[in-house]
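For the protein sequence lines, the chains are A and B, in the order given. Just so we're aligned, residue 1 is where the first sequence starts under the numbering used here, counting upward by one. Just so we're aligned, residue 144 is where the second sequence starts under the numbering used here, counting upward by one.
What the hints contain is simulated information worked out from the structure, not anything from laboratory work. Everything hinted at is true.
Pairwise CB distance ranges (calculated):
#, chain 1, residue 1, chain 2, residue 2, range
1, A, L85, B, D205, 35 to 45 Å
2, B, Y179, A, V99, 42 to 52 Å
3, B, S145, A, V86, 35 to 45 Å
Per the computed footprint, the stretches of chain B lying under chain A, defined by three or more beta-carbons under 8 Å from a beta-carbon of chain A, are:
#, stretch
4, 207-220
5, 239-247
The beta-carbon is built from N, C-alpha and C at its ideal position, and this holds for glycine as well.
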Amino acid sequence: MSHLAEQSRSTSSGAGRVLIAVYAVLALSATGRSVVQLVTKGGQAPVAYSLSAVAALIYIVATVGLARSTPGSRRVAWVAITAELVGVVAVGLLSVLDVTLFPDASVWSDFGQGYGYVPLVLPVLGIAWLARTRPRAQRPPGT
Amino acid sequence: MSVTLSYAVIGLSLLVAAYAVVLLVRDRLVDNPLFYAHSVLAVLLLGQLVAGCVALARTGRDVEGITFVGYLVTAVLAPPVSIVWGVADKSRWGTGVVVIGMVTVAALQLRLLALWGVGF
Chain A
1 MSHLAEQSRS
11 TSSGAGRVLI
21 AVYAVLALSA
31 TGRSVVQLVT
41 KGGQAPVAYS
51 LSAVAALIYI
61 VATVGLARST
71 PGSRRVAWVA
81 ITAELVGVVA
91 VGLLSVLDVT
101 LFPDASVWSD
111 FGQGYGYVPL
121 VLPVLGIAWL
131 ARTRPRAQRP
141 PGT
Chain B
144 MSVTLSYAVI
154 GLSLLVAAYA
164 VVLLVRDRLV
174 DNPLFYAHSV
184 LAVLLLGQLV
194 AGCVALARTG
204 RDVEGITFVG
214 YLVTAVLAPP
224 VSIVWGVADK
234 SRWGTGVVVI
244 GMVTVAALQL
254 RLLALWGVGF
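With the rest of the complex left out, here is chain B:
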């Protein structure tokens, strides 16, 4: 598994989360920059799903396969689900849902790194 990609995903997801917090505090709805940034993250996560499965098949490491793929799939689902749910609520709290989604992505990356044996 690409550790660099994982850290990039953590960085971007936390940036998107921080931006969503700014929107939340300013009482704004989900806007275009948030949507585009989130889309970039979604594409990265799709790539990570494919690359992660390939890496899992090739590695000699002792990795819990089911859990590992489970985290990869959940990470792919979190951004679209949170943005759809966030946009559906026409209040600042819709952006709050996106914050939860992004923090979830970051947490999943930490778990993935731990499963891969390079985490904390």
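Extracted from the complex, chain A is given alone in its bound form:
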């Protein structure tokens, strides 16, 4: 794909724009869902609902981090996206092993099955994109 190589190394241009669009959709749906859950039935499944809220916050941070594309926001995006990957894998495993822990679905339960596994695929793509657009000067020697 020569097209990709010609892109500037900003995280928000080119294919990154599509990635950010998907992040924005997920951030929006996770936020909407967690607000509705916490407001209407917060007491029923506090663990799952708090988790949805945390996940929503992380998606918002990742979206903004990728969209701003400054050196600082790249670091923020790295942290948020790594947290996302850890979250979806950990919660996915826990929800499969102990069903009672998450009686109502959160974004990350069952590895994001309710969202077509997008929550599982997205952090992998996000990390790949951050690595691809890494400024050359910041690359460690030998890469």
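On the provided structure of chain A, position chain B as indicated by the hints.
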């Protein structure tokens, strides 16, 4: 809620998405036909927002009101936001953003139908 309108929106949004994919593959920017088709969809969704709220007020069905209206509003916002963001990027990926917007509209319709009790 008009189930027919919902299916029409799904059909049109997927058609627009397919056309945007063709543009993406051919390395083209957002063009006029894409913009007009998207505008028709945007008008349909505005109508759906109004009709959906009226239907929600009148129905005896057990529908989660907040979520339902939330989906209706998000569906209205998705086309304009995705087209503005898509046009702003002068590469094939701008069209990719429109694809995401259109698929989102279709997904929202499926969720709306499910909330209305006629979905999957």
